[in-house]
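Please work from the sequences and hints to get the whole structure.
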Amino acid sequence: MRKQNYRLLLVLLMSIFWMQAQEKTITGTVTDQNNVPLPGVNVVVKETIRGTQTDFDGNYTILASEGEVLVFSYLGQTTAERTVGASNTISLQMQEDAAQLEEVIVVGYGTQSKRTLTDNVVKLTSEDIKEVQNPNFQNALVGKAAGVQITQTNGKVEGGINIRVRGAASISGDSQPLYVVDGIPLSDPLSDNAVFTPGLANPTGNGAPTNPLLTLSANEIESIDILKDASSAAIYGARGANGVVIITTKKGKQGKATFSLNLAQGFSRPTNRREYLNAAEYIELFTEAARNSAAFDTPDEGQTFIENRFDRYAGDTDWRTGQVDTDWQDESFQDGYQTDADFSVSGADAKTSYFFSGAYTNSTGIVRGNELEKAAARINLSHQLTDKFKAGMNLSYSRSEIDRISNDNAFSTPLQAIAQTPLAVPRLPDGTPNNSTQYGNFLFDLDNAFFKTIIRRLTGKAFGEYKFTDYLKINSDFAYDFFSQTEEDYDGLNALFQSTSGQSQATDIYAENYIFSNYLTFDKTFSDKHNVNVVVGTEYNNINRRIGSVTSILFPSDAIPVVSRGAEVTAGTGIRRRSTFLSYFARATYAFDNKYLFKASVRRDGSSRFGKNVRFGTFPSVSAGWILSEEDFLKESKTLSFLKLRASWGQLGNAEIGDYPSRYLFSSFSYNKQGGLAPLQPGNDELTWEKSSQVDIGLEFGLFDGVVSGEIDYYNKETDNLLFALPLPRSGGAATVNTNAGTLVNKGVEVVLNTRNISTENFTWNTSFNISRNDNEITALGNNNADVITGRNILRVGENLNSFYMIEYAGVDSANGDALYFLNTENPDGTLNKATTNNPNEAQRVVVGNPYPEWLGGLTNTINFKNVDFTFTFQGQWGASIFNDAGRFESANGDFYDNQTRDQLNRWQNPGDITDVPQARLFEGNGTARSTRYLDSADFIRLRNISLGYTIPGKALESTGLSKVRIYVSGLNLLTFTSFDAGWDPESTVDFNGPAQPGIAFYSAPPAKTVTLGLNINF
Amino acid sequence: MKIYKKIIVTFLIFTAFACENELEFDPVDNLDGESALSTEENIASVLVGVYEEAGQDDSYGGQLQILVDLLGTTDEVSWNGTFVQPRQAFTKNFLVDNVWVRDVWGNAYEGINQTNLILERLDIITSSAAERDRIEGETRFLRALLYFDLVRNFGLPYEFGEVNDQPGVPLRTTGIIDYLVPLDAARNTVQEVYDLILSDAARAYDILPDSNGFYADKFAAQALLARVYFQQGDYANARDAADDVLTNSGHALADEFRQAFNNDTDGIEDIFAFQVTSQTGFNDLVVHYASEADGGRGDDISIDDEYLDRFDDPNDVRASFTYINPVNDSRLTLKYTSQFANIPTFRIAEMHLIRLESNFREGTAIGLDPLTEINALRARSEAAPLAGPLTEELIFNERQLELAFEGFLIHDIKRVKGNVNALPYNDPTLVFPIPQSEMDTNNLMQQNPGYGG
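From first to last, the protein sequence lines stand for chains E and Z.
All the letters of the first sequence, read from the start, carry residue numbers 1 to 1019 under the working numbering.
All the letters of the second sequence, read from the start, carry residue numbers 1 to 453 under the working numbering.
To be clear, the hints were calculated from the coordinates, so they are not data collected in a lab.
Just so it is clear, the structure is predicted and the values come from calculations on it, not from any experiment.
Even for Gly, the Cβ is constructed at its ideal location relative to N, Cα and C.
One thing to keep in mind: the hints can contain errors.
Unchecked claim - Chain E regions said to be covered by chain Z (calculated; three or more residues, Cβ under 8 Å):
#1 429 to 439
#2 607 to 618
#3 663 to 675
#4 708 to 718
#5 732 to 745
#6 914 to 928
Quick look at the structure:
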């Protein structure tokens, strides 16, 4: 595109009048590299103002004289020139621009070629995420990016997603990365986490997080760029410390309009079911437990007692004859299914690019009562108004309707039904739920209660780009993100624990986030060797939320569950929250001769969230790269086709700690309808960013013309001023204070290897492998490095972040069946006393494990043979442990009436028995203290996804008008290899704890394994 | 043209600078701490906040009473519920990470800090001396009540006439605003804690009005004093305090036993009650004592025959103040069947029991002679009068007939130096552990014996 273009319209008119005698009419057809006619190609006579465009069939007509040169230009194609000769016809096949073929990385306020990038950024494309059927698209990224751990909290369809980039970088600040969608940094209106001041926690929801990007559909996404190192993320300053995930939605590509339709139907089951006692085993173990129990004067009294219990649970049935044997997992779980349908229409000519899409998902979860239905639509439109001014808009809206179930810590969650005795029937003969189970029967809620959440989200961006010259432009973006969530939580007249004739809670949250960003870009190459790119800009971000909730009771009928039909209003909440960010940023890159690459950036961020003395922070970064393969001594090498060394350093912040974490606040607490005031949280005027500094050294290489390519990176990330809620002595009157204290180091190595194993016309086989090791260690803590203990997790200098800290189980005293614990008191010589005790209060806690994995790996193979395509990904992780807090109940050698895992049958029975399961003793807590008995290694390897497709040959489609038809079958989580046994699945953890207590499981649902049949049609 | 462009660029780039003052604003749904403590109206509201705090389910909302009763019981009730924290009290087997115990501790100290913040700012109250006295008196009443339940649950028993230098709980008497400084505090002796309780309660008695709505009045403070002296074994003072309440407060026994319970507003018998409405307040007693139909968990705490065996007269209405939950055939108390009812904390029946036992032990007959008084109390419940002579055992038994499930049991046993199964009254197992979280954060804290280091 040259200067002339901006007068294009004028030219078209005037050229008609400037015909001269020696000119002749040239005609021709322009096609692309696939011989498809290209409409909208600019055809200009060089050094004149004469020009035209090709029509819809790629044809053009222009007047030119012999010897003049025609210039053909088209976005994404190499500009071509043809000299007019004797012929009156000049047809042309254009070639794709080689520079465009290079992978383009979205880096925040701009793009950069992967080749000249000096940062570590992983790019995943729509190819990587398609056909992994799950309502949460992040699940498709698992195992594909080195050093990035992605887990869904548990197997509920709307469940929260944790993404940890290069280890956990924060103690209790939000563990979510910053999501940037088309340049809009999204805020999560539901992220207020309860760890920071329960009184300020978001009162919506059921205590469990939801995926903040639930509303986004995979078919809208063109690419996902994960900025891993500080140098790349530093342009997001105070919000980049957990990594930045940049999502770019699809745009129209030049050429004919394409219509694409995808249909898929999936079927799901839990990845695992555990073995629990059947009725006969339950009777055996609990009779024994009651006979052994000191709670009764004689064994027979114990037996009589427990048999009364059996009678009670058995109801009208006879447990002695084994009439009932309920596997409550059959009640908790169900067969899930998911239906997906989406379409898109896209296209572009030289001036206007458009993309429309719509997507629909209906997903029934593997846990009873858990469903999700969502619909989303998007339009991305941009138009070149003049050759200098481009403007456009991206707009998406979505509606997600979720049937939620209780969080893991409630009797009403179906997963806790596994605690029920197998002697009890789930339902009575008349179909109503059995009310004589030992715990509340969740079926009452399934039948008589609902918790419906509807999220409506509208996200849009209007943008303009004005080119002053071909090297200087200004971009102005105004983005608006509107999030509305309405919840209706109704417990009907016969719901579980319902005593008020029904209760209805209606909650609304409205969040508005607007972002105004403006930036200037200068991009110029001097003397063909010096490429300079400078970006300078500002951004203002304002997030407002309004939350309202009303609760009422005493309903005349379940048929009118809306909140206004309750006779008495018992609670109301009105909350307003606001936070603002103001940022200035600049970035400069310089490349010399395409070999020596330099980059520096700085961002200055201010936020209302931080203490009044420390509102602003500055986040710099520098990086450099050297493409050795461009040097003369390597240029000719056939073996080493590409070699780049790069190094970077930068600083980032983490600001995700709620809206008013630094303020000393009182809140209102009413007492008998009188307004009262009480402290809500202590203040800290010095509370500021968590600051992480990261060094990254990387090597990128390509061998044998790219047959083998890869990257090796070493990083060292040091997070200072760790933001967390420091536990206080409760005797001071407050539980925690938000502080910056301590330093955490994550360092590690990442290796990525891609190979093109076979590459022939009919057969290609590519392999992509990544593995990473991360070591994390706390190197300093405030308060003279004193330990900070939260539940079963500890912060201790020299140990992993949030290490497990608990007493150590020592097995069973073979003489009497007592559970034993190691004393672990310190001997005078500093060693630990490994003598044992049967009193858990006497045993000292020790560090016993890491909640975060040390090794992460992924292996993806993609094979195409003629019309068949086949791809699969294995994922693995090693080094993490999970503590099953429910073990105290479900693997407790018959301590209470809870049904037990089947391994409890190995209990100690007679003196001399050697086993790990203590003697069964009802009510005595023999071995039920929280100890390493319930801690297990969570190493696993999983066949994460697998897909087999067949594309119907083009010839067969000729008569149908379709350009492509493909059918496929795919699977998610089909195989898992693990020795983990402290819960259903090594990736499932509780959904009611904050991030400060990772690695804890408590009746946490396993993920789904899904088999999908699908169909893609393009025309 | 050039100027036009420059204006656009300058405008866009500098728009941001105009936003800098947008970083400074106050929250609109919570109050800045300094303002909360700076006006008379706000201080009065902070006092209301202490009632709310102390009335939470963590303490007087129910969990405190349940722990106290389960720790004292042997075979008269059963804990059938699923919560492990009360189960540990029931089996006399506390673990140091028991969160009910932690929350009793934490909740009491939150309330105590709030009382300290008020007591340091009494100067702000200038509208009248009476208002200032009311605020100070209520605050001291609440602080004394909170410390009393801390010291008798977390420390070994008070031994009358002995040197009570066994560890009590840390006495914090200054309000904490700055939580960034070290907050370690050692345990004061049991005697020191009782001294503060008595001085606070006595001061409250001196300055509080005779009646004060549903807030604490003069006689609430006197009733607290009676209970504290009684716990100490100082029967003469206990008797006189109880006598004052019985004679001068205007409170009296309700006509019928049932009228003392499940009240939405304070009844004639209530000297002081924590207030619960459908919108505010907590009643965890209903959660754990009531049937599902009444808002409870069904049979978390069921009554066994051994309790009913205590009744010498089958016509005693207190003996039949139970019901069978049809869902599980468990026997439950009728004391807690309304989930939005107030929680009686001091009722007049307790004052009768304190006065009669104190008179009995002191050999006096101030107010009434003990046998007449016990029979008067029994008469309200249609129980046949005792013929006499009275014994300690009969009086102890009468307390259990009248006050069961109201949070008295373990402290009655400790006061009379009884046993819980084989455990003597001063066994460390019958003392709450200092919460693990306090041990982890307070370097000066000392754990109770039997709970590790």
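Hint by hint, here is what the structure shows:
no., hint, in the structure
1, 429 to 439, "holds (count 4)"
2, 607 to 618, "holds (count 4)"
3, 663 to 675, "holds (count 13)"
4, 708 to 718, "violated (count 0)"
5, 732 to 745, "holds (count 6)"
6, 914 to 928, "holds (count 4)"
The structure fails hint 4 only (numbered hints given earlier).
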